[in-house]
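Engineer: Sequential numbering from 97 applies to the sequence shown in the working numbering.
Just so you know, the hints here were simulated from the structure itself, not pulled from any lab data. Note that the structure is predicted; figures quoted are calculated from it, not measured. Just so you know, not all the hints are guaranteed correct.
As the list claims (entries may be wrong) - Per label pair, the in silico range of CB-to-CB distance:
(1) Asp276 x Gln183: 38 to 46 Å
(2) Arg150 x Leu216: 17 to 25 Å
(3) Leu126 x Val287: 37 to 45 Å
(4) Ile133 x Leu274: 17 to 25 Å
(5) Ile273 x Lys194: 27 to 35 Å
(6) Thr124 x Val219: 36 to 44 Å
(7) Glu151 x Ile294: 36 to 44 Å
(8) Tyr295 x Gly152: 38 to 46 Å
(9) Leu234 x Thr124: 24 to 32 Å
Glycine included, each C-beta is placed from N, C-alpha and C at the ideal position.
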Amino acid sequence: MLRIKLRYGILGAPIGGVAYCVPAPGLTTLLRNLPNILTLLRILLVPVVILSLREGQYVSALVLFLLAGITDGLDGWIAKRFDCVSQLGTILDPVADKLLISSTFVMLVLLGDIPFWLVLMVVCRDVGIVGGYVILQLLGDEMVIQPTLLSKINTVLQIALVSGVLLVHGVWAGGAILVDVLIIAVTITTVASGLHYIYHGVIRAEPTA
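Can you build the whole structure from these sequences, using the hints too?
Structural biologist: Printed below as a string of structure tokens:
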């Protein structure tokens, strides 16, 4: 039987394992479900962002992308503040994050705004990390995946890159150099974080009971 113990996801959100929901006294049903509602809203915003990009509405796409980012911060804060973390939320949150960033990346590639090789590198890193741990689990090793500082920095830079591209095409044409710098930064941190996971997660990690 395959057992994967994932304590935290790529973006730092807890996924898998034993989820819990300990609502604060008097907490309403709406407030308990608000984190999941915000996460679902973020997922629903993904096709709207993509459609805006397809129509060349970069300013609208930027506003929607930032709004989605705000919901990401809010759902996590509410869940922690009121001690209410649902099993559904622990699954949906990282999925929503990846859908938002990956879908936007792909659309920007199709529009010629960022290079294809960069997105391919990011996707290969994510698939490699998850695939590597799945293989180890199949071999009988129980591993714990935790977000590294490099991984968190890489995610922040990916979000900054998307925001920068949308900003340049929407309202600040003079910021093209910033996009070039962010592309380099995302490339470096993607490679570095991938190697870091391989080193600590495969070579040096010890099986957990």
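Engineer: Are the hints correct? Go through all of them and say.
Structural biologist: Okay, the hints, checked on the actual structure:
{"no.": "1", "hint": "Asp276 x Gln183: 38 to 46 Å", "result": "42 Å, holds"}
{"no.": "2", "hint": "Arg150 x Leu216: 17 to 25 Å", "result": "21 Å, holds"}
{"no.": "3", "hint": "Leu126 x Val287: 37 to 45 Å", "result": "44 Å, holds"}
{"no.": "4", "hint": "Ile133 x Leu274: 17 to 25 Å", "result": "34 Å, violated"}
{"no.": "5", "hint": "Ile273 x Lys194: 27 to 35 Å", "result": "28 Å, holds"}
{"no.": "6", "hint": "Thr124 x Val219: 36 to 44 Å", "result": "40 Å, holds"}
{"no.": "7", "hint": "Glu151 x Ile294: 36 to 44 Å", "result": "40 Å, holds"}
{"no.": "8", "hint": "Tyr295 x Gly152: 38 to 46 Å", "result": "43 Å, holds"}
{"no.": "9", "hint": "Leu234 x Thr124: 24 to 32 Å", "result": "43 Å, violated"}
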